[in-house]
Amino acid sequence: MKGIVLGQYYPADSVIHRLDPRIKIILALIYIVCSFLCRNIFSFVLLFMSSIVLILVSRIPLKIVFRSLRAIIFIMLFTAVLNVFWTKGEPENLLVSWKFINIYTEGIYNAVFIVVRIVSMIIGSSIFMTYTTTPIQLTDGIERLLSPLKKLHVPVHEFAMMMTIALRFIPIIVEETQKIMSAQKARGADFSSGSLMKRAKALVPVLIPLFISAFRRAGDLATAMTCRCYRGGKGRTKMTVLKCRARDYVMLAVSAAFTAAVVVINIYSFGYTM
Amino acid sequence: MTPVRIKMSKITVENVSYVYSAGTPFEVKALDDINLSIEENRITGIIGHTGSGKSTLVQMFNGLVRPDEGRILLDGADIWENPKEIGKVRFKVGLVMQYPEYQLFEETVKADIAFGPKNMGLDEDEIKNRVSECAGFVGLGQNELDKSPFDLSGGQKRRAAIAGVMAMKPEVLVLDEPAAGLDPAGRASIFDGIVKYKNSTGAAVIIVSHSMEDMAKYCDYLIVMADAKVFMTGDRDTVFSNSSQLENIGLDIPQITKVMTLLCEAGVNVSKSIYTVEDAERALLKLFGGVR
Amino acid sequence: MAYIKISDLNFSYRDDDGNFIPVLKDISLEIEKGEYIAVLGHNGSGKSTLAKLLNMVIDDYEGMTGKIEINGKDITSPEITEDEIYELRKDVGMVFQNPDNQLVATIVEEDVAFGPENLGLPREEIRRRVDDALATVGMSEYARHEPHRLSGGQKQRVAIAGIIAMMPECMIFDESTAMLDPIGRKEVIETIEKLNRERHITVLSITHYMDEAVRAGRVIVLNDGNILLDGTPSYIFSKPDLLREAGLDLPQCADLMLRLKKRGIPLEGDFNTPEQCVRSLLNALHK
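Chains as they are written, first to last, in the working numbering: chain A, 1 to 274; chain B, 1001 to 1292; chain C, 2001 to 2287.
Hints listed in this document are in silico derivations from the structure and should not be mistaken for laboratory results. Careful, some of the hints might be misleading.
[Said to hold, decoys possible] Per label pair, the in silico range of CB-to-CB distance:
{"#": "1", "chain 1": "B", "residue 1": "K1229", "chain 2": "A", "residue 2": "L56", "range": "14 to 22 Å"}
{"#": "2", "chain 1": "C", "residue 1": "I2058", "chain 2": "A", "residue 2": "L69", "range": "48 to 56 Å"}
{"#": "3", "chain 1": "A", "residue 1": "A214", "chain 2": "B", "residue 2": "T1238", "range": "45 to 53 Å"}
Backbone N, C-alpha and C define an ideal beta-carbon position, used for all residues, glycine too.
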């Protein structure tokens, strides 16, 4: 169980890995917006190409990217099929007509566009955030991006601290769950046979000790934090300070240019528009 | 001529190997071609560093971990012969894991100890008998049995958890660090309970512990593991007379054994395989008597 | 003036029915700066409560009477301010039993920085202290590791580094070795000794391992909330009957030597380690 990896962070040395997490969050948002701005074949081709460039630049193996796409393959197929059957196009573009089913060229276009949009969105946001940024960097980035909200009494620091502690304890709790399950199995507990009801009941001997232990840990941790002079975000400083470097500004500029390109292509182009 | 009866070992481990997280960067060889046997009516101690493979090994005895290679034989039969029947093996080979008090969950101690026997499908009377008998082994009285397990002291919780495994009346009782973190009185009451169980049932008992002094005191036979392999086996006299080898692989030896070994090295004529204070006292008194 | 001065301390906690259960009874104690003290006692002897009181991290003080002064300041006084309590926690650091339950961050150095960050120190100062603390406990090369991949002893050393980075004058170890294997215990004990020796940090190590007590300069034995014995390890081990009463065992070495002495063999010196025993035995043999 020591092999547990949180999130999908893939350690590699790339420009994207080294970007400021705040910038990466912003870039991911811009990328998602762009994928929604795309309207015609040219902008979608541009979007798809950019995804491929991102994969190459981030040095994340294709295998790993495909694995995460496989998880949503059904959603993609489902939306594609819906678009094929439900889009109503111009009468001259009718491809197939059988009983109540009408398929138009527009429907095919839409289906392809939607799939490209979803795929690019997933690739873009996961490359900027989960693959190249550790959960702790992400939390840190979110805390700092949201810190202006502190003035409005939004508990940004507390939220970030909760995230950090959750990230710290997830592997511990996972390991503990397995240990308790083994211990109860050794006393003859059976988690894998019988009706759904029976299986749910069989989990009681696991859940109760797990909850008790989680509360005990929480209590211990609270005491330890108090002893280390923790009193919330007030007066707290930080060892690591995030600093935007040249590469961060370059990436922002690139993404602004990309957005502009998408908009321009949408306006001055021909062919089918979504 | 009377036929010679060959006595079969309770558990035989045959050419067992196991690898953790195979195919990942975290791959670790936990056990490497292990062969050993465990006998009835005897306390066998397993000694070794964290990561020497001993915790993996004990989880194999009751089928929680399945060997990648090799076989585990219980009474001569491979426990993985029919994987669906592995549950039955768990009733015959009871395993007490580290810090077992964290598995207590029932409303009363009594009910918690009864959890295992209930899973075996025993009838009410039999369960009741077993609960009180096993509570007796570990020194828990009626007063404690009616309490919530969460109201017990740390040492009592540990003993309740151990009684919960004993109540299945396993023919092999395996305990991983049963006394870890307890004070001397707590340790003694745990080991007393284990010895009582062995004497009353004749079971094969296996104890894993880092405490050499406890091992020397309670175990009849020792298995020393190092780097996923069996390093040494033998009765305790044999193992502790090789204390320098134990120290070479970084294990502690009982203080008394250390004293006797140092005396030997200083040219004093005493036995090296002494590991209890009583034996050392006797040997040294003789020595002083001889001098005077 | 003693660094820590405890006078007539009584403490009772309230059980679920509201009854007061006494845990510490009439404890009076003085601890000098730079001392290395082991506090021994069986489970439930009150030693953990004593530790927590020294950091004022107990929920309910209703059952407390008496006084605890640290560095001349009465921390039990009702007038003490919150800021003074924080000052106290900075000066008296605590390391607990379970290493998993005291590490906050998912990266070793970020965890060590947690305390100094809470103190509101400037960034460069935190960096300096974190690097220094990790070097002191020998964990520098693990600075960017995740705690859950470390061994128990390593995690506990990270926890110690987290306290050192706050530059305390005194450190309390509340059974910090109880959950470790022998190698982990050794790592932690050596770290504790180093802190006492090189940084002159006052150490209060709560334990029930006799072999740890042997290494301290002074041993205090608690039994049912009372101080039963207080003295050097050799003195403590010369009272085997009292120790057994407190649910503790003599180390094998001391046990053997005391038995032989009782039989009239003239043994001299300390019997804390096998080497000392052998020296004393050889002396007696060659007489």
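Hints versus structure:
{"no.": "1", "hint": "B:K1229 x A:L56: 14 to 22 Å", "result": "46 Å, violated"}
{"no.": "2", "hint": "C:I2058 x A:L69: 48 to 56 Å", "result": "54 Å, holds"}
{"no.": "3", "hint": "A:A214 x B:T1238: 45 to 53 Å", "result": "46 Å, holds"}
Violated hint: 1 only; the structure is consistent with all others.
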